Amino acid sequence: MPRKEHIRKVILIGSGPIQIGQAAEFDFSGSQACKALREEGVEVVLVNSNPATIQTDPEMADVIYVEPLRAGIIAKIIEKEKPDGILSGMGGQTGLNMTAELAEMGALEDVEILGTPLEAIYRGEDREQFKNLMEFIGEPVPRSMILRDMGQLDEAYRIVGLPAIIRPAYTLGGSGGGIAHSREELKRIVEVGLTRSRIHQVLIEESVIGWKEIEFEVMRDAADTCITVCGMENVDAMGIHTGESVVVAPILTLRDEEFQLLRTAALKIIRALGVQGGCNIQFAYQDGEYRVIEVNPRVSRSSALASKATGYPIARVAAKIAIGLRLDEIMNTVTGCTPASFEPSVDYVVVKVPRWPFDKFKTADRTLTTAMKSTGEVMAIGRTVEEAFKKALRSLDTDVTHHTDKNEIRMILSAPTDERFGCLFDAIRVGFTVEEVASLTYIDPFFLTKVKHIVDLEKQLGTRYSPDLIPVAKRYGFSNAELVKITGRPWEEIEALAGEPTYKMVDTCAAEFPATTPYFYSTWETECEVTRKEKPKVLILGSGPIRIGQGIEFDYCTVHAVKALRELGVEVHIVNNNPETVSTDFDTSDRLFFEPMQLEDVVNILKKDRYDGVMVQFGGQNSINLAVPLEKELQRLRMPTKILGTSPDAMDIAEDRDRFSVFLDRLEIPSPPNSSAYSEGEAKAIAARIGYPVLVRPSYVLGGRAMEIVHDEAELQTYITEAVRVSRKHPVLIDQFLQNAIEIDVDAACDGEEVLIGGIMEHIEEAGVHSGDSACVIPPQSLSREIIARLEDYTRRIALGLGVVGLVNIQYAIKDGVVFVLEANPRASRTVPFVSKATGIPLAKVAAKVMMGMKIRDLGVAARPIHHVAVKEVLLPFNKLPGVDTVLGPEMKSTGEVMGIDYDFGRAYYKACIAADNEIPTEGKVFISLSGDQRGEIAPVARKLVSLGLELVGTSGTVEFLNGEGMEAQMVRKVQEGSPNVIDMIRRGEVSLIINTPKDKQSRQDHYQIMRTAVDYGIPYITTIQAARAAAQAIDAIRKEKVTLEPLGHYIGG
Amino acid sequence: MKAVLGLEDGTSVEGEGFGAEGSCAGELVFCTSMTGYMEALTDPSYHGQILMFTYPLVGNYGVDHHVFQSTGMKALGCVVREVCREPSCGLPITRYFEDQGLIGISGVDTRRLTIRIREHGTMRAVVMCGDASAEEAVERARKVPDISDLDLIPDVSCPEPFRIPGKGKRIAVLDLGIKNAMLKSLNARGTDLYVFPHHATRDQVETVEPQAIFVSNGPGDPVRATDTIRTVREFLGEIPVFGICFGNQIIGLAVGGKTYKMKFGHRGSNQPVRDAAGNIYITTQNHGFAVDGDSLPEGCKVSYTNVNDGSLEGFEDPYLNAACVQFHPEAYAGPRDTEMTFFDEIVRRIP
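Which chain is which? The protein sequence lines are A and B, in order.
Start counting the first sequence at 20; every next residue gets the next number (this note's numbering).
Start counting the second sequence at -12; every next residue gets the next number (this note's numbering).
There could be a bad hint or two in this list.
Said to hold, decoys possible - 25 Å max Cα-Cα, derived SDA-like pairs, lysine to any residue:
no.	chain 1	residue 1	chain 2	residue 2
1	B	Lys(-11)	A	Gln479
2	B	Lys248	A	Cys356
3	A	Lys627	B	Glu106
4	A	Lys552	B	Arg103
5	A	Lys23	B	Ala263
6	B	Lys171	A	Gln479
7	A	Lys287	B	Arg261
8	A	Lys478	B	Arg72
9	B	Lys(-11)	A	Arg494
10	A	Lys287	B	Asp331
11	A	Lys287	B	Pro305
12	A	Lys23	B	Asp331
13	A	Lys287	B	Arg335
14	A	Lys23	B	Asp262
15	A	Lys287	B	Glu326
16	B	Lys250	A	Asp145
Unchecked claim - Some residues of chain A that are not near chain B, with every Cβ distance over 12 Å (derived):
no.	residue
17	Glu154
18	Cys547
19	Val994
Unchecked claim - These stretches of chain B come out as covered by chain A in the derived footprint (C-beta under 8 Å, 3 or more residues):
no.	stretch
20	37 to 46
21	265 to 273
22	322 to 336
Hints were generated in silico from the structure; no laboratory data involved.
Every value quoted in this text rests on a predicted model; they were computed, and no experiment measured them.
Beta carbons: idealized from backbone N, C-alpha and C, even for Gly.
Could you put the whole structure together from the sequences, leaning on the hints where they help?
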């Protein structure tokens, strides 16, 4: 079947900001789709609100709109661009929802829906339609009932019974769902679920908790050819969302008969749905019986995992199918000699382990359920289960708490939290049997036997060490560092006994055909498939799993560095372990290593070939932390490989607060008084000297982990005892906290001689809110020319003074006309993609090129004045994490970001807020709640809102104050004053916007309940005065003038 | 237990033996199926061969006797990366090997050997367990006769005729080492099956007044199946003739076509085939010989081709009412995409 010739222009909808349940996998799939379509000569129009994506790069699509993903906005873009087709399956749930809404509003009359037809989407997503279809084709589904209102609760209880699983229709990552064990739980979860569901529908179904959870990734083309790309088995049985489960591929514990039973069912289902493209099908399986659990008629996180696990590019193939190509007409780019109409066979074990954000959310409910809470994941490949398990654990890069208390272990095993996977090992270590653990967890003994094998090896190494155990341990995935620790033998001895790993290829076909993919994993075998080549080459360290503080931005920078080097004709290799990303797409680099990124893993790669350099600047804090040890190791091994760009010593100056203070003093650049404390007493003395409030944090932080503003000595005491361990090795940093200062971020590149300032960003929230959580704007809106000149001057002097070669990000605070330097990070920052999208300066590429020795003046890029305004707003995960504090502070909490771009601040901010799902209302009631000392600041904002026609609501104190200022306001009871109160008002949907700015710990407690309700009911809310002021400006702007809808190129040229 | 694998090209690999002490000698082939190891090991078509699984973990779910494709293991030996000694259910495969006196070697870099076979073609090999020496294994491997020189069929064909009764059409099955799944798929459609040894003559077969002939899978080089080829030729044009795998090659030879030895064959359950209408199916395959499509006489139509390498995967002769496929519609192991199409078609084609 030839491709559809009438499809010349296609609009592709991205997935928007990174959030829990929707991460980088959609940038990966969307980017693959863009490439696949353009290869076929199709013009691509891309809409996505997330600037930190590769797909929104000028070279990825023909026309790019960085606009909020709202049906109304996309409809206007369609009107303007007149595409022939729309590709919706690449943007996750957001993409599908948008397409459905666009079709409902009639915006797709002249636009063909490519790939999976709308009916298939409805059939797959709408619980009732899906159930009916499954019953029609004779596929078993769990007993269930659909609920549309609370009145049906008793009936559901009768039909389905308990325990029951609740799943809202049309939500991301199963958000709002849960497992109910009691009637009370049932009521509570259903209530929330109904609110979250876009169509107010929840499904209550028979619990198949404890059954095996099996997934298939299936492809189908328009000619009805169907193949399964990959079968995956969840190590965690049914009851835990697959996104929250440890998953292995291929399926390891099903007999062929059982496997084929499910495979046959999967093909039957994809045919019945009429999917054209990729589809994920989930089954519960137990003792010859199965239930169809869920179908995702689109690419998904699982399909990204399946792509990386097998080498089969699902999104690429799905995009080609969408424009009419058949599977056997699409080449398998991995082998380059066989078509896509086959089923991959692999010869290794893949393990995926999720990464959870609970290190950031101490108060969050860490229980794993049917709703997603993880932000990212790692994937590891090995030739044995043990090896893959060990490599995955090493890739996770988290602090592991070892449990030794049997009762505690039993609790974690039976009521799983993020700690469960590690706890399986602890359980065996303290003497639980495989059978005991299996009965507590429902995990198949097969996997637990592997865990036991690892623990047995550990014990053997510890108690009965002999040198010939080392090669055995290596084959089961132990790292040298671990072996040194367990055996107590010297590093050199272990290193000599261990030798070097071999690298095997991921080739989709278990070596049946020669493959051309440069995609490798390490294992301890006899033959290495990586061949040494004398051509100059560079290894770039990726950023690992997506977590709060280290998101897709770093993958963006990694990919840009690769592209820049390829432009220079340098061979580039990547090491990374995140299966969701563009950087781990096998054709992004010249060679991909899917590996943990601890020192020895990186060094092992470097030993296998002639590497001229390593780039550590782009992967975020983790890869930066490797700079110094890596340099030492390279020297020890006398390897010629250099760490490119800024020297590890310069990085250390920037990271080490004491060295950095000395450095700034020498440059005569002011910074807030600060010092490092190596003991508790020292900390108290320093804080007293500097004066409260102070900002405290451990050294070497990632995303402001465990950073806090401390108001007095009592709080400092609590912080030191609860949050950190202070020691000689791990000092606590204490900075004076500048209250009500304006915070500024500057991103720049430096070649050692010249500095290119990419962008100066003014934060909308005050200093004290983590820069990663603050909205910010380019160009600065409130700074004088003189201040800007000073920022530029300081940036130049710091960059040159440190000897930066590559990227640098500097944070400033401006108070009373004084510019203070808060910190300098000589590496890629979270804001690099935003700056590049807002200004058109490809900062990461410039940095990569100067790291290769080029000069900025030779690159033909320069800062230039811009005439538009770009606002970055963040997306917070509170709606996914029940129980967490919603207040912003120095700990980073956001998962992703969006950009709003327009010709004035008001409209750009308005767009950014919509894109971040915090829709600023232009009418209705605004609930205002403030602590006393902020009231003066809010008066002008409130007045503006009133003048724009919004009504004010508040509790007694606020209303009194507003009345005094001459404004009318409706009074409502406080929470503790009984019903009906503000919570009831929110629940009834009578409030359109909440402005709630808690200042101290006490008021936080008071407002916690209001904010939690706002989050649960999806009411827009604002938590800082500055944001309230910006919102008023936005409403004003939007009343006066419509938002501009132009492609990105229109603003930045090119 | 120490074990060693020696190849005719001089390669030797040390590993850990499982099963019995002793040795085996034959052609080393690789199979890319990720499940169904017992189905493969008991498939009589692997007779004369040492079976190496590309999937590194074998034995995860133990030994499930009900999926055996014959009375027991038919491959001469088994080569794996890791064998599972503690499966989550069933009898451990290591125990089965011990009980039955079978030869297995684990701890082998199977990917390395697979690449070697892919590049050099199938190789003769010896596995020694227990008293093992690398030089000796290689030495002996070089002396292993070529598979085309071996009479393998008599070992796996039934010694005496037998019947699997059914109420439907009467089919004479020529057994060259038939897989149980084939008999099951045929019998599931009500057919009355009379199974004959490979050397059955036309007269012997005619005693049951068959309405069709079915030629099974089997081991080795099809040109050695002279008796079967003759019998098939005698029935061609008189009653419908069907075949699978080895049967496909025998019918190909019976109509006057030629077969050839492939470099390393097709063994796995992910092989795509395309039918004449362009539809694509994923199939299980296990063959080292194939029918040369160009050698088939006029009147024969190629019904299936391999999507990867274009080789012949099935043909039919509408005039003679013969139809056969190179792949395994009966599955076990592998996908069942073609089970219905192929076996229903057999029943439909018998007048």
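Taking the hints in turn, this is what the structure says about them:
Between Lys(-11)/B and Gln479/A, the direct Cα distance comes to roughly 22 Å. Compliance with the 25 Å bound is thereby established for this hinted pair. For the suggested pair Lys248/B and Cys356/A, the alpha carbons sit about 22 Å apart, so the restraint of at most 25 Å is met. Taken as a hint, the Lys627/A and Glu106/B pair is honoured in the structure, with Cα atoms around 24 Å apart against an allowance of 25 Å. For a cut-off of 25 Å, the pair hint linking Lys552/A to Arg103/B stands: about 22 Å separates their Cα positions.
The straight-line distance between the Cα atoms of Lys23/A and Ala263/B is roughly 23 Å, inside the 25 Å bound, and the hint therefore holds. Between the alpha carbons of Lys171/B and Gln479/A the distance comes to roughly 50 Å, so the proposed pair goes past 25 Å and is violated. Proximity of Lys287/A to Arg261/B is assessed by CA-CA distance (about 19 Å); at most 25 Å being required, the pair is judged to hold. Pair hint Lys478/A plus Arg72/B holds up; C-alpha atoms about 20 Å apart against a cutoff of 25 Å.
A hinted pair counts as satisfied when its Cα atoms are at most 25 Å apart, and Lys(-11)/B with Arg494/A qualifies at roughly 18 Å. With a CA separation close to 19 Å, the supplied pair Lys287/A and Asp331/B stays within the 25 Å bound. Between Lys287/A and Pro305/B the alpha-carbon distance is near 31 Å, which puts this suggested pair outside the 25 Å criterion. For the hint pairing Lys23/A with Asp331/B, the CA-to-CA distance comes to about 35 Å; that exceeds 25 Å, so the pair is violated.
Between the alpha carbons of Lys287/A and Arg335/B the distance comes to roughly 24 Å, so the proposed pair stays at or under 25 Å and holds. A distance of roughly 24 Å separates the Cα atoms of Lys23/A and Asp262/B; the hinted pair therefore holds under the 25 Å criterion. Restraint check: the Cα-Cα separation between Lys287/A and Glu326/B comes to about 14 Å, which is no more than 25 Å; the hinted pair holds. Between Lys250/B and Asp145/A, the direct Cα distance comes to roughly 51 Å. Violation of the 25 Å bound is thereby established for this hinted pair.
Against chain B, the non-interface label of Glu154/A holds: every CB pair exceeds 12 Å, the least being about 22 Å. With 12 Å as the threshold on Cβ separation, the claim that Cys547/A sits away from chain B is violated: the shortest Cβ distance comes to roughly 9 Å. No Cβ of chain B comes within 12 Å of the Cβ of Val994/A; the nearest lies about 52 Å off, and the non-interface call holds. Counting residues of the stretch 37 to 46 of chain B whose CB lies closer than 8 Å to any CB of chain A gives 4, so the stated coverage by that chain holds, three being the minimum.
Counting residues of the stretch 265 to 273 of chain B whose CB lies closer than 8 Å to any CB of chain A gives 4, which reaches the minimum of 3, so the coverage claim holds. Under a criterion of three residues with beta carbons nearer than 8 Å to beta carbons of chain A, the stated coverage of the stretch 322 to 336 of chain B is upheld, 3 such residues being counted.
Hint compliance for this structure: hints 6, 11, 12, 16 and 18 are broken, all remaining hints hold.
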